[in-house]
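Engineer: Now for the letters of each chain:
Number of protein chains: 2
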Amino acid sequence: MKLSNLGEFGIIKKIREKTYSSKEVIAGIGDDAAVLEFNKKQFLLYTTDALVENVHFSLKYFKPWQIGAKSIEQNASDIAAMGGVPTYAVVSLMLPENLDTKFVDELYSGINKTAKKYHISIIGGNISKSKEVIMSISMLGIVEKKYIALRKGAKKGDYILCSGNVGKSAAGLELLKKNKKGASIKNHLEPKCRLGLARKLVKIGINSMIDVSDGIASEITHICNESGVGAIVYADKIPISKNTINDAKLLGKNSLDFALYGGEDFELLFTAPKSKIKKLTKLGASVIGEIADKKNGIKLIKNNKEIKLRKGFEHF
Amino acid sequence: MKLSNLGEFGIIKKIREKTYSSKEVIAGIGDDAAVLEFNKKQFLLYTTDALVENVHFSLKYFKPWQIGAKSIEQNASDIAAMGGVPTYAVVSLMLPENLDTKFVDELYSGINKTAKKYHISIIGGNISKSKEVIMSISMLGIVEKKYIALRKGAKKGDYILCSGNVGKSAAGLELLKKNKKGASIKNHLEPKCRLGLARKLVKIGINSMIDVSDGIASEITHICNESGVGAIVYADKIPISKNTINDAKLLGKNSLDFALYGGEDFELLFTAPKSKIKKLTKLGASVIGEIADKKNGIKLIKNNKEIKLRKGFEHF
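In order, the protein sequence lines correspond to chains A and B.
Heads up: the first sequence begins at 9 in the working numbering, then just goes up one per residue.
Heads up: the second sequence begins at 9 in the working numbering, then just goes up one per residue.
Don't take each hint at face value.
Claimed, not checked - Pairs of lysine-lysine, DSSO-like flavour, derived with a Cα cap of 27 Å:
| id | chain 1 | residue 1 | chain 2 | residue 2 |
| --- | --- | --- | --- | --- |
| 1 | A | LYS26 | B | LYS200 |
| 2 | B | LYS31 | A | LYS124 |
| 3 | A | LYS121 | B | LYS21 |
| 4 | A | LYS10 | B | LYS200 |
| 5 | B | LYS22 | A | LYS121 |
| 6 | B | LYS282 | B | LYS303 |
| 7 | A | LYS26 | B | LYS137 |
| 8 | B | LYS303 | A | LYS186 |
| 9 | A | LYS307 | A | LYS284 |
| 10 | A | LYS261 | B | LYS137 |
| 11 | A | LYS290 | A | LYS163 |
| 12 | B | LYS71 | A | LYS10 |
| 13 | B | LYS31 | A | LYS211 |
| 14 | A | LYS139 | B | LYS153 |
| 15 | B | LYS186 | A | LYS71 |
| 16 | B | LYS22 | A | LYS71 |
| 17 | B | LYS121 | B | LYS31 |
| 18 | B | LYS124 | B | LYS21 |
| 19 | B | LYS153 | A | LYS137 |
| 20 | B | LYS139 | B | LYS153 |
Quick caveat, the hints were computed from the structure, so don't treat them as lab data.
Keep in mind it's a predicted model, so treat the numbers as computed, not measured.
So here's chain A without its partners, still in its complex pose (with noise of 0.2 Å):
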């Protein structure tokens, strides 16, 4: 069987049945970070995430340093979404060697200036010759257990939140690919972790979190799987933006369908209890729906009338 039929999640899958760990992880495999201890107070986090050209970018429409700072944003996003705080990084290099050396000079830039923004120290490294551009970075964070933020804590009950505009990322991808211009673009350019928000929420106190990197369909399906829960989620609570919804028209495609399907958005996608939801969506988050029982399954109602949710982004 290719690799292509087993799509990414089945290939995640498989390799999470198999994988050898033999000490105490609070959080493994399947959370956007590693949660290991550390002290008394606090838990280290973990975590990956790589670029690749042609897949995850192309040089036709990404500058370099956009490429560099994307790839502090999507690790720094994966610590949001955990309630951490990054500190460290290393970042693997595989370029062509007939690249020229201000696109390394430019790319650095755009990591330097990125993580100096969250305060991330780049503290090592490796790199290697290759056929494509690739980087893949590792960032380690720091949470206060009192704060720590699981894909597995969502509860019966819950609302389900979003901190901000969904789909923008994957507006702006269509937009570039059909050689045409809109405010997205520059959301799929350079997109914003959530970092100062997810520090926020976790603060109110939430259940549940995960970041919005593949899509609405895909996160909430991350939450429930790992929480062992159903959901409710009304599509016309989710939000988009006017540009979003302009950009989509533009294209003849349904923003909706970028929302629940698209990737790189960078948002939060989380669930909390009935108490906090009013100093939650002070801080700009949208309630989207609801955590149900298992049995429910994950339903999406729009119009008063249940879709059937697909799958989200998948790299296989």
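Position chain B against the provided structure of chain A, taking the given hints into account.
Structural biologist: Chain B alone, transformed into the frame defined by chain A:
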């Protein structure tokens, strides 16, 4: 200017000068692993290294499990070179979509078997499409503060030692490329890091250490540059196995060149004061030279004559 003109270490130098780091770091870019404050008695070690198809391995020679095993050995070797014990790793995997799922199974059997051998827990990762098979691993480790071994600790008068036979992996690679047979092939396909030995060395007391991943010439240069010293290396003292000598003959090559300029032996090069030499050589290490004043430079002596050292293996 192209990356291939600047060279691997030129690129790293460029990156190092610019990289953002605000936090306290015991050692960052420029050692085998970054060294971070962890607790009263221990440092946290953090490294990353990648294996890229057609750069570090060819699928013509390598079985998938050997690639998986080598990726763990390679990163564990970086932790060993700091005197530490590896603990956790995350795996960033990039694979062509037409690859068979059996390939991933076998790759992970190599990863898991090797991780288990060293008690390293694989606790996360990420997977993406790519044109070539690429594994970028990041690894954490722990080292007692009293045992930390840096590149920068070498002192004038130190003896330079090598943990075991070198040049064996490069000889194996050359045999494979020339479609010849020989004992060194196994050294290339299945290298083993010297984790157990490294722990014994730091407990005896050494001043500096590096793993031999790019050849003796490259590693002694790193030790000297980081420590601000010079060195005299005696070519005939460098440990080279009979197998490597025979395989070099078969290839019409000089085995010393393999030792000086070859890569991926994962032995250890280290320096120690005279008082420790007896204990260190009992463990199988060979004295291959002495640390000298910086102004002497790095000299290689063969048959009482000085030979100019070329640079070791570079990726660009």
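Engineer: Each hint needs a verdict: does it hold in this structure or not?
Structural biologist: Evaluation of the provided hints:
{"no.": "1", "hint": "A:LYS26 / B:LYS200", "verdict": "holds, 23 Å"}
{"no.": "2", "hint": "B:LYS31 / A:LYS124", "verdict": "holds, 11 Å"}
{"no.": "3", "hint": "A:LYS121 / B:LYS21", "verdict": "holds, 19 Å"}
{"no.": "4", "hint": "A:LYS10 / B:LYS200", "verdict": "violated, 31 Å"}
{"no.": "5", "hint": "B:LYS22 / A:LYS121", "verdict": "holds, 16 Å"}
{"no.": "6", "hint": "B:LYS282 / B:LYS303", "verdict": "holds, 22 Å"}
{"no.": "7", "hint": "A:LYS26 / B:LYS137", "verdict": "holds, 21 Å"}
{"no.": "8", "hint": "B:LYS303 / A:LYS186", "verdict": "violated, 61 Å"}
{"no.": "9", "hint": "A:LYS307 / A:LYS284", "verdict": "holds, 24 Å"}
{"no.": "10", "hint": "A:LYS261 / B:LYS137", "verdict": "holds, 26 Å"}
{"no.": "11", "hint": "A:LYS290 / A:LYS163", "verdict": "holds, 22 Å"}
{"no.": "12", "hint": "B:LYS71 / A:LYS10", "verdict": "holds, 18 Å"}
{"no.": "13", "hint": "B:LYS31 / A:LYS211", "verdict": "holds, 25 Å"}
{"no.": "14", "hint": "A:LYS139 / B:LYS153", "verdict": "violated, 41 Å"}
{"no.": "15", "hint": "B:LYS186 / A:LYS71", "verdict": "violated, 41 Å"}
{"no.": "16", "hint": "B:LYS22 / A:LYS71", "verdict": "holds, 20 Å"}
{"no.": "17", "hint": "B:LYS121 / B:LYS31", "verdict": "violated, 36 Å"}
{"no.": "18", "hint": "B:LYS124 / B:LYS21", "verdict": "violated, 35 Å"}
{"no.": "19", "hint": "B:LYS153 / A:LYS137", "verdict": "violated, 35 Å"}
{"no.": "20", "hint": "B:LYS139 / B:LYS153", "verdict": "violated, 42 Å"}
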